[in-house]
Amino acid sequence: MEIPYTADIRPDTGLTNGKLGVWLFLASEVMLFAALFSSYILLRVGSTEWPHGFQELNVPMAAFNTVVLITSSVTMVMAWASLKMNNFSKFRMHLGITILLALVFLVVKYFEYEHHLAVGEGPWHSTFLAIYFTMTGLHGLHILGGIVVNGYLWGPGAKMWQTQPVRFTNRIEIAGLYWHFVDLVWIFLFPMLYLL
Amino acid sequence: MDAHASDDISKHVKTYFMVFGALMALTIITVGVSYLHLPVHQAIIVALFIATIKGSLVALFFMHLNHERKMIYWVLMLTAVFFVVLMLVPIATNLNKIVQRY
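Respectively, the protein sequence lines represent chains A and B.
Just so we're aligned: the first sequence equals residues 1 to 196 in this note's numbering.
Just so we're aligned: the second sequence equals residues 1 to 102 in this note's numbering.
Read the hints as simulated data drawn from the structure, not as lab findings.
The C-beta atom is built at its ideal place from N, Cα and C for all residues, glycine as well.
Keep in mind that a hint or two might mislead.
Among chain B residues calculated to face chain A with C-beta under 8 Å, some are [what the hints assert, rightly or not]:
# : residue
1 : 40
2 : 41
3 : 42
4 : 89
5 : 91
Here are some of the chain A residues that sit facing chain B, going by a computed Cβ distance under 10 Å [claimed, not checked]:
# : residue
6 : 84
7 : 103
8 : 106
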């Protein structure tokens, strides 16, 4: 069965079904991360001492990763804008850069994790590191999910541009909504874990 | 795609790059402020204030929430209410400790 309203606007909501669906999904994602933010506050306030993030973690690496993610958000929105301007090759370039930047983020994160684990500082080491690994781990999984979806849309999924360009452009828009959300979560995680 | 729509998008593109510049500047400020080693309560307020501005820029411009349909605002308002409740639970239950410490 064909999914209705993927290219045309549904009259009663004023939206395509995909867009409303992704926003509902993001609302549930907000609550998922909110549960962890809430746990962070509870753990921090309940503990007798709490380290400064900058003493435990590598701030320059995380600041670099912040720049990487913000840049990837711009290239993601540029990928969508390129399709809106009918420029498929620019779309491919921008989405390709987005995927590469996401991979750079994960490689940097790998080095951070590797450094902690090498000195025996896993999530079992302290409450601070437990919540650090949980939150950044869940965020990292979201980055991985974004790479898979964007990778599909860059590769085999891009064939849709030939047959249903409006629907494909909408797909890129909603994949972008997810990607910007992942960026937004990091914008809060970075100061919370590394700087305070 | 007609020429008018294309023009509209190029205006958007300019905005995207301006937002990008603002986000970079705010990231530098966030990291810079952390080196001032402010008292924890001040540091938390400053860091969350800057993060909120950055988050709003991403949501308003990249996620197009500056011109979106009503239905999405309703969904997000409901989410925001539950988000605030979830944040207030640990804060309210530990208010004494928070006041003492910070």
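These are the hints, each one checked on the structure:
1. 40: Since chain A brings a Cβ to about 7 Å from residue 40 of chain B, closer than 8 Å, the hint holds.
2. 41: 10 Å, violated
3. 42: 11 Å, violated
4. 89: 6 Å, holds
5. 91: 6 Å, holds
6. 84: 5 Å, holds
7. 103: 20 Å, violated
8. 106: With a closest approach of 19 Å, the residue 106 of chain A hint is violated.
The structure fails to meet hints 2, 3, 7, 8 from the earlier list, while all remaining hints are met.
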